[in-house]
Amino acid sequence: MTISSIKVPDVGEGVAEVEIVVWHVKPGDLVREDDLLADVMTDKATVEIPSLFAGTVVDLGGAVGETLAVGGVLCRIEHAGTGVEPEVRNAAPAGESAEAASEPSLVKPKQEPTPDIASAEPPTVQKTAAGIPSAPRPEGQTPLASPAVRDRARRAGIDLRTVPGSGPAGRITDADLDAVFAARSTPPSSASTRQRKEGTERIPVIGLRRKIADRMALANARIPHITVIEEVDVSALEDLRATMNDERGERPKLTLLPFLAAALKRAFIDHPEMNAHFLDDEGIIERHNAIHLGIATMTPNGLIVPVLRNAETYGLFGAAGEIARLADAARQGKATREELSGSTFTITSLGPLGALATTPIINHPEVAILGVNRMAVRPMWDGTQFVPRRMMNISASFDHRVIDGWNAATFIQRLRALLQTPALIFMEDEA
Amino acid sequence: MTARACKVLIIGGGPGGYVAAIRAGQLGLDTVLVEEGAVGGTCLNVGCIPSKALIHTAEVFSDACALAVDNPFGITSAAPQIDLARAVAWKDGIVSRLTGGVATLLRKARVNVLRGRAQIMDGKTVGVTATDGTVETLRCENLVIATGARAQTIPTLPFGGDILSSTEVLALETVPKRLCVVGGGYIGLEVGTAMAKLGAQVTIVEAAPQLLPLYDGDLIKPVARRLAALNVQVLTEARAQNYANGQLEVMVGETRELIAADKVLVTVGRVPHIHGFGLETLGLDRNGRYLAVDQHCRTSMRGVYAVGDVTGEPMLAHRAMAQGDLVARVIAGEPVVWDKRAMPAVCFTDPEIVVVGQLPTQAGNAGVAVFPFAGNGRAMTRDRDDGFVRIVFIRESGLVLGIQAVGAGVSEMAGEFALALEMGATLTDIAATIQAHPTQSEAVQEAALKGLGMALHI
Chain A
42 MTISSIKVPD
52 VGEGVAEVEI
62 VVWHVKPGDL
72 VREDDLLADV
82 MTDKATVEIP
92 SLFAGTVVDL
102 GGAVGETLAV
112 GGVLCRIEHA
122 GTGVEPEVRN
132 AAPAGESAEA
142 ASEPSLVKPK
152 QEPTPDIASA
162 EPPTVQKTAA
172 GIPSAPRPEG
182 QTPLASPAVR
192 DRARRAGIDL
202 RTVPGSGPAG
212 RITDADLDAV
222 FAARSTPPSS
232 ASTRQRKEGT
242 ERIPVIGLRR
252 KIADRMALAN
262 ARIPHITVIE
272 EVDVSALEDL
282 RATMNDERGE
292 RPKLTLLPFL
302 AAALKRAFID
312 HPEMNAHFLD
322 DEGIIERHNA
332 IHLGIATMTP
342 NGLIVPVLRN
352 AETYGLFGAA
362 GEIARLADAA
372 RQGKATREEL
382 SGSTFTITSL
392 GPLGALATTP
402 IINHPEVAIL
412 GVNRMAVRPM
422 WDGTQFVPRR
432 MMNISASFDH
442 RVIDGWNAAT
452 FIQRLRALLQ
462 TPALIFMEDE
472 A
Chain B
2 MTARACKVLI
12 IGGGPGGYVA
22 AIRAGQLGLD
32 TVLVEEGAVG
42 GTCLNVGCIP
52 SKALIHTAEV
62 FSDACALAVD
72 NPFGITSAAP
82 QIDLARAVAW
92 KDGIVSRLTG
102 GVATLLRKAR
112 VNVLRGRAQI
122 MDGKTVGVTA
132 TDGTVETLRC
142 ENLVIATGAR
152 AQTIPTLPFG
162 GDILSSTEVL
172 ALETVPKRLC
182 VVGGGYIGLE
192 VGTAMAKLGA
202 QVTIVEAAPQ
212 LLPLYDGDLI
222 KPVARRLAAL
232 NVQVLTEARA
242 QNYANGQLEV
252 MVGETRELIA
262 ADKVLVTVGR
272 VPHIHGFGLE
282 TLGLDRNGRY
292 LAVDQHCRTS
302 MRGVYAVGDV
312 TGEPMLAHRA
322 MAQGDLVARV
332 IAGEPVVWDK
342 RAMPAVCFTD
352 PEIVVVGQLP
362 TQAGNAGVAV
372 FPFAGNGRAM
382 TRDRDDGFVR
392 IVFIRESGLV
402 LGIQAVGAGV
412 SEMAGEFALA
422 LEMGATLTDI
432 AATIQAHPTQ
442 SEAVQEAALK
452 GLGMALHI
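Note that the protein sequences, when read in sequence, are chains A and B.
So in our numbering, spot 223 of the first sequence is number 264, and the numbers just go up one at a time.
So in our numbering, spot 7 of the second sequence is number 8, and the numbers just go up one at a time.
Calculated from the structure, these hints are not laboratory results.
Keep in mind it's a predicted model, so treat the numbers as computed, not measured.
By construction, the Cβ of each residue, glycine as well, lies at the ideal position given by its N, Cα and C atoms.
There may be inaccurate statements among the hints.
From the structure, some residues in chain A lie toward chain B, with a derived Cβ separation under 10 Å [to be verified]:
| id | residue |
| --- | --- |
| 1 | E74 |
| 2 | R212 |
| 3 | K375 |
Just need the whole structure built from these sequences, with the hints factored in.
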């Protein structure tokens, strides 16, 4: 038997360390080659690390939430390898380099009780299989089970090699799997729903969630927010959008976002102070000519902000296509680092969930953020009667250290005017 | 030029590629299938299906011929004639029905089929040159190589003229008077037998000491007997050299022989189709001359998969189909893995041979139980009681490791054999399953009973 280290691979992009997000194994587990060992996270991408060997997990390099350096030991696996693999670190006599010298000494104490490990394996297997009395099959022998049983086990994440078979010739039956499921599940919850409940679930804040938490805390701690909420009559804008969508043909469907991007581009001409970064540590405000529009996007893992770079260069349909692509990439975890950083202004929209008003938190070091609230038809007084109008609130927050209330208010009024009369957005020169 | 994007791009519309495409489409993946010729690949167009049509034609003809002479059924009949061109047209009708059916299934699964030739630029980009010469570039998230295999050539016997590959022999419109088959594997034997039944004088030249070198002698004996009855000459340990002036030069051991032949069929194996479309640029790992894949049909490059004959032996359509289905599910994120226990293989010789699982020669000191069709009523009533069913099993547990059979019509028993292995059946399971009487399947139950020491009819 050989004990080999699985090292944290170089995941590229100059990443030097990774955070352990999930362990898929624990010491004593049997793993196959290519079985997932752990998920680790770099800046915003999660990477799955597979096993290079088939064998038994000896120990883990750290707990969930800990960071490991690239090249560090993720975990160690005892396997029947020949020691030819480059990653293998068996207990050969002390090597030349300091690293090689230190590793065997790490391994050696474990190497001696190898016969014990072999004999200690059955208990591990027994435990996994919930103490069902049946001898597990010899190592390397394929478990015997019908395709349906194999499929059921796979979907439940059960490794059939750890399941004793009670059928003829050691075949694993559906009933054998039932026993594993029964042992897995917590005490039956057949009792009344009014049963008194105990216990607290402790959820580690790690990975993307921790990053979000850190960013939000930083923004809220440093930036004194002033939030302005204004109502906008978007009837004309919505008519325009509907017409354009009807005639779009093969082009992507227009959401509100491309219009907001276009309106912002117009508004920034008079309000360059809004498309800016406040580098508060240096005491510098950077006003940007390019508009890199961050678009807050909900993903299965949490909030991330893909960036529509150089929004000023897009037409409505071009922007719509690019925004859809970015959102898709973000949701599937495929967005590149480039696509997730460098925004100069951020839009946050919860669509139909958008509430009446919100108080958005600024995406530090930006100086403003535009929140879009739910659209609704409301009765509006036109001077003689109530008329139904499509109304939508916008809630924008500003960094009050560098944006005065008056600036914030005029910017919002400008935005409101553009959105209420969308033709203004597209006038080449309204002066 | 902007590249069209898709989730799955499959190169090759054979059984591996088209099944992957249909399944991927059903699973809602945006799928493009690139195929140069007709969908269906070797199997539907120039392989399994056309050869079975030819074999069936030959059997019908041979049965009719048997009725023209003294026969046990008391039937008198004139000597039959055959117009092979009509049979070929009938075969072509079946092929176009099947390929048309596949095209319909692809359409129903919303697969985008591109007629053209693929050129891989990188692991995510493929150029497709359509039949009209226009070039389109596609970007894909997942690339599936399903380019199949083609007939292996012998340098001294290049295809063309009277030297045929399996493709050309299946399109012959007249029966050659004298046919020499180089290569005694299953393709050579199937076509050679059919041609002999159609009236050709057939000689089979095999380099190994026996026909079907992968199988044991017991399975081959009934086939060899039938070949002899059909007047087929079999030369083993013989190497074909040159073909000139209607004569094939063959070295049998040290002796040089000249065999008169109007056509020479070369069936010495198939080579994976991995050159000429940019695959080399990916630098994928190889397994011998095939593409190396893991249990998810993944190649060594992320997002690049391979299925079917390019991944090696056994080169069987049903293996490719199972891989195609698997690969689509893998891409869709399902937790599936290649864990098949049984891979049935059938030789449509006369009699037919079915092999599933381990042969006695491969299974060490396993138990072997054989039941001959001579003890089976149904086989006798079909006037074909040659052959047997054989079960290979672990002595201690009775676990079935392999089932083989040789006999007329046994190809339809392949499913039963495969099911038994896939389900992990023991001798007891098979012995305790009632078989309908009178059927040839009773021989399977009897073989299991014999393995348990409790045979009834022997």
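Could you tell me which of the numbered hints above are not met by this structure, giving the numbers in increasing order?
Those not satisfied: there are none.
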